[in-house]
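Given chain A, work out where chain B should sit, using these hints.
2 protein chains.
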Amino acid sequence: MIHITLPDGSVKQYESPVTGYEIAKDISPRLAKEVLSVSVNDELWDLQRQITADANIKLHKWDDKEGQHAFWHSSAHLMAEAIEALYPGTKFGIGPAIDSGFYYDVDLPQGQVIAEKDLPLIEKKMLELARQKNDIVRSDISKDEAIAMFEKKGDEYKVELISELEDGTISLYSQGNFTDLCRGPHLPNTELIKAIKLTSIAGAYWRGNEKNKMLTRVYGITFPKAKLLDEYLVLMEEAKKRDHRKIGKEMDLFTFSQDVGMGLPLWMPKGAQLREQLETFLKKVQKQFGYEQVLTPHIGDVKLYKTSGHYDKYGKDSFQPIHTPQEGEEYLLKPMNCPHHCEIYKARPRSYKDLPIRYAEFGTVYRYEQSGELHGLTRVRGFTQDDAHIFCTPDQLKDEFKKVIDIIFIIFKALEFNDYTAQISLRDPKNTEKYIGSDENWEKAERAIVEAAAEKGLRTVTETGEAAFYGPKLDFMIKDAVGRSWQLGTIQVDYNLPERFELEYTGADNQKHRPIMIHRAPFGSMERFVAVLIEHTAGKFPLWLTPEQVVVLPISEKFNDYARKVSNILNISDIRTVVDDRNEKIGRKIRDNELKRIPYLLIVGEKEEADQSVSIRRQGQGDKGSMSIDDFARLIKNEVEEQLASIY
Amino acid sequence: MIHITLPDGSVKQYESPVTGYEIAKDISPRLAKEVLSVSVNDELWDLQRQITADANIKLHKWDDKEGQHAFWHSSAHLMAEAIEALYPGTKFGIGPAIDSGFYYDVDLPQGQVIAEKDLPLIEKKMLELARQKNDIVRSDISKDEAIAMFEKKGDEYKVELISELEDGTISLYSQGNFTDLCRGPHLPNTELIKAIKLTSIAGAYWRGNEKNKMLTRVYGITFPKAKLLDEYLVLMEEAKKRDHRKIGKEMDLFTFSQDVGMGLPLWMPKGAQLREQLETFLKKVQKQFGYEQVLTPHIGDVKLYKTSGHYDKYGKDSFQPIHTPQEGEEYLLKPMNCPHHCEIYKARPRSYKDLPIRYAEFGTVYRYEQSGELHGLTRVRGFTQDDAHIFCTPDQLKDEFKKVIDIIFIIFKALEFNDYTAQISLRDPKNTEKYIGSDENWEKAERAIVEAAAEKGLRTVTETGEAAFYGPKLDFMIKDAVGRSWQLGTIQVDYNLPERFELEYTGADNQKHRPIMIHRAPFGSMERFVAVLIEHTAGKFPLWLTPEQVVVLPISEKFNDYARKVSNILNISDIRTVVDDRNEKIGRKIRDNELKRIPYLLIVGEKEEADQSVSIRRQGQGDKGSMSIDDFARLIKNEVEEQLASIY
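Protein chains in written order, with the numbering used here: chain A, 4 to 651; chain B, 4 to 651.
Heads up, a few of these hints could be off.
27 Å max Cα-Cα, derived BS3-like pairs, lysine-lysine [unchecked claim]: (1) K249(A) - K349(B); (2) K356(A) - K592(B); (3) K287(B) - K286(A); (4) K356(A) - K252(B); (5) K640(B) - K356(A); (6) K290(B) - K290(A); (7) K286(A) - K543(B); (8) K290(A) - K543(B); (9) K290(A) - K599(B); (10) K252(A) - K306(B); (11) K592(B) - K349(A); (12) K592(A) - K349(B); (13) K249(B) - K356(A); (14) K214(B) - K306(A); (15) K252(B) - K290(A); (16) K290(B) - K286(A); (17) K640(B) - K290(A); (18) K515(A) - K592(B); (19) K405(A) - K568(B); (20) K482(B) - K230(B); (21) K252(A) - K349(B); (22) K286(B) - K290(A); (23) K599(B) - K287(A); (24) K588(B) - K515(A); (25) K568(A) - K290(B); (26) K290(B) - K599(A); (27) K356(B) - K252(A); (28) K568(A) - K286(B); (29) K568(B) - K286(A).
Some residues of chain B that are not near chain A, with every Cβ distance over 12 Å (derived) [what the hints assert, rightly or not]: (30) S19; (31) G92; (32) A100.
Calculated from the structure, these hints are not laboratory results. None of the values given here were measured: they were computed from a predicted structure. From the three backbone atoms N, C-alpha and C, an ideal C-beta is built for every residue, glycine too.
Pulled out of the complex, with its shape left as it was, chain A reads as follows (with noise of 0.2 Å):
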């Protein structure tokens, strides 16, 4: 008798094994027809396959990340049938599932190429194949049968791959009259595959070494339904226009130079004027909360980060030591805060009275990220955390975590985030030694989180063994406006760092005690939040921290004084402004400054100038009648004020 458990904790029996898609069928015919793929005791299996033994299982449909990526891992497959029919000889490479679809790296006949006009011949021919409703059929040979297979084939990659597998069983997948090497799981028949669309190609290394011969890179994502496709292609249309890269361009924010390095963001006027705003704003509400402001170089002594672990952990994959001419002197550059922040902590002896103690800091750090995996402003070799460690008694935790997910409410509020949800990430209770910290501390840390997550309001997934080793966490996820999640703002509980570094303070019992460390930064990183922000607001930006308020537009240069006249008057009143004076008709004028994303477009001309007013043009809303330098003044000084006062 096999006991299969499900996830709500009912048991079903079995006399005889039992595949995934029976259990289904089992609990009803609809559920078979959308399951995809089975999670067996925390393992990603085939439908197909035979469960022998008890087991906990949990069937995933489309809307589970795991269900996802057997289709589009299988679609990968498909279209590897589809180029092996259109392009006989074709050698393949790898072909992996991804965050958002799926790509095969092919190396294709000598003397043929695939490009993007080729694309649409290809998903033709994955739709037929799709339609001929073929099995993916799982097969177990031994590691020579698998050689001598891909070698009588002359596939040489799968050569290589397969030698350099472990003595054993070699899994296969085959489709219709494809096979492949895969590890799998897949979908049960290729008929589940209703939708495809191949979204580009690229050049790639094979194994990401240049060394090797560069092969064809496809990708492409599919989707069981095809309105499911369509929603997809709308959403890729609006971010492709929400690119912060595009916006950041248009809006002059910040800048790329080869010269300086890969990676590394040159933040021009208005985007350091944006960063400044974000910053006092949060300086502001950390104020409020009891935060200190302190300063760190960007290096230190390697010693520092042998005391911290960081140097063992970004070591070797990072920039290098700095050496001096002073044998023996190394620094690194830093990658974390958090060791200069526990000097500061040690500077003076520390008492109970003092604590907790929040120390934040806008500090750059440099990881060194691969060039091929840099993109824009999201990731980065160099960024400004919007960082803070809180030192604090075990009895203050709960309401310290209350505090900072105070702060990322008002973020969250001032930004126009509303639709998010968070985190707890605890340790796996079966496998405590793998953590550093008391049992009772941890547990006094689980419930602080929980709870403050709970007294918060806060909506929450909780897993279990998702902590880090040294300590239990709160991740933030927010939706943005065109529906796609980031991570953003971490809380983070260490009773490591205080461990390595012997931070102490003095209780009321005049003992020595260890303070718990809380990092946390609501943004993240100023880089990928600026980027994040950009993309759900299309690089609208509520008034009051856009970094230009209103733009002046004489109508013709005769105006240029007086448009300067108002923009000084504004100015002085704080309101940023700006002046086109150039030498251009004013609908394009007004079409370039839209294009700028400045809220308020003031044009004047000779009846303005009479009247001492202001025609005014909201971006995207067109007319909004004319007043005086003075009302208008007021009117955004109002705006600013409201949306301030409904943050604070």
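Just chain B now, with coordinates in the frame of chain A:
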């Protein structure tokens, strides 16, 4: 006939060779008594050395650096003579004049030491020898003779130094029984040395190499009048009290950590607050003058610094390049911000209508200094420049210079530096080939600086030949409250970087032109400036600037709540207020907080709580009566506003 041209252009004629001393006597017997050395064709000479051909000369008295240099150099010899007399068998290393006095490195005979307590004895001996009125006589001998002489004396250090000199004549100086290897120049006679103070003792490796023997370095200073020594001692006493390292600790402004690294300051909350106040103040001023903030990373590809020329300049003696896992990729910690700002300039095409462009950044740079040269915040390895680069046309140069001078005036006024001068450094018109940039541009730039300084009523000295090879400059020197001079604030024209980075703008003529760059940093570096400011004000910063403006001192724990209420009310009005709620006697609290230089101390007890008032003490001035909380808040606000109104 020998023609001697004096600095005022007048010419004296002599029939035979003549000495500087004879010329001085010829001018006036009084001058002959005061003169210490002479510059002959810009080379520093002994007064007794024969001038055998036509020459331009300048006679140096005590008020010239060159005069002091000869005075202290001879004093080093006098100290060596005294040490040789008191400790026969001592060997001598080097004994130069320094900025303020002199030192000599000595190797005492086996078993003997010089300690602090021995210094008065050496001083006494020096005075005794000085009163012997010995002539200091130069003699020239061959290298071989010199080696033989010092070998005989057993002075291996001098032998080593001489063997490294080029073959030819070696100069020696003798006085009484003492002879030293020396290039000179020296005083004519030891009798000019009237007042002597040996100040300290340190260990110093022979030739600065830690593999060599550690010698004893004895520091001293001497004067031509006893009164000058008295004044110097008073100044030193005062300077010691104002030492920024001492006050920085008392006020909790900054700290250093061995594990972060020497010369890398960590700014504690109050220091970070002070810096932020200074930065906000300067940003506000700069905004009024049309500056735009930018933000750039702290590293750059080595290529960038090869283009700028900094790699050659800072290369070997500085922080070494940072390697990455990618072969051939190398970055440098940035020693200067200018290359990054050039790249921002280059990010877009520029027109003459865009100029002047003024990019400002509080940019942290890293330069390696020898550990022995590090000193508190004045000499560090990482520092933040209040940097800006102005890109302009040649015609805009003068106006831009005037605007920068205005900014520097505002800063000096705000920070109560009332005694300052400036040095204009021009190129050497006889060696124009040493300089980059056209004659026309140099003439224009030099005229612009001279006129700008004159129109702004600046007290200046002009030094011909002191310009950098890439442009003329203007440096500000301030005198602090105890009379010491500090160099602060530089304005530097640069023709070189625009050339190296191929910067361009399109002129009104539609042709490409090269802009001129101005580097300027009114504070210089935030670290050094804060150090100077602490020593100038003894930590008693102006009210608008000081990190903590008010401290509330409850008379006993009973009044802690009321103290916190007062503090909250003041903080809401943006008055930076803290509470000292330690369980200490009120007298102790007053003393401790006076030491922290908090300008206002509010004492609150039963009476104050009943009246909702505060009793006021002004730091260093004692009791100032009592008033309501609101009245006190108004008082502070008014004081700050008055200070700021007088600045802008």
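So, going through the hints one by one against the coordinates:
1. K249(A) - K349(B): holds, 19 Å
2. K356(A) - K592(B): holds, 17 Å
3. K287(B) - K286(A): holds, 18 Å
4. K356(A) - K252(B): The given pair, whose Cα atoms are some 21 Å apart, holds under the 27 Å limit.
5. K640(B) - K356(A): Since the Cα atoms of K640(B) and K356(A) sit roughly 31 Å apart, the hinted pair is violated (cutoff 27 Å).
6. K290(B) - K290(A): Given that 27 Å is the threshold and the Cα spacing comes to 25 Å, the pair holds.
7. K286(A) - K543(B): With Cα atoms ~26 Å apart, K286(A) and K543(B) stay inside 27 Å; holds.
8. K290(A) - K543(B): holds, 24 Å
9. K290(A) - K599(B): holds, 22 Å
10. K252(A) - K306(B): holds, 25 Å
11. K592(B) - K349(A): With Cα atoms ~24 Å apart, K592(B) and K349(A) stay inside 27 Å; holds.
12. K592(A) - K349(B): holds, 24 Å
13. K249(B) - K356(A): holds, 26 Å
14. K214(B) - K306(A): Given pair K214(B), K306(A) holds - Cα atoms ~24 Å apart, limit 27 Å.
15. K252(B) - K290(A): holds, 24 Å
16. K290(B) - K286(A): Answer holds: K290(B) to K286(A) is near 21 Å, not above 27 Å.
17. K640(B) - K290(A): The given pair, whose Cα atoms are some 20 Å apart, holds under the 27 Å limit.
18. K515(A) - K592(B): holds, 26 Å
19. K405(A) - K568(B): holds, 24 Å
20. K482(B) - K230(B): holds, 21 Å
21. K252(A) - K349(B): Distance ~14 Å between K252(A) and K349(B) Cα, so the pair holds.
22. K286(B) - K290(A): holds, 21 Å
23. K599(B) - K287(A): Roughly 25 Å separates the two Cα atoms, so the pair holds.
24. K588(B) - K515(A): holds, 26 Å
25. K568(A) - K290(B): With a Cα-Cα distance of about 17 Å, the restraint between K568(A) and K290(B) holds, given a limit of 27 Å.
26. K290(B) - K599(A): Holds, at roughly 21 Å.
27. K356(B) - K252(A): holds, 21 Å
28. K568(A) - K286(B): holds, 23 Å
29. K568(B) - K286(A): Holds: K568(B) and K286(A) sit about 23 Å apart, inside 27 Å.
30. S19: holds, 53 Å
31. G92: holds, 35 Å
32. A100: holds, 27 Å
The structure fails to meet hint 5 from the earlier list, while all remaining hints are met.
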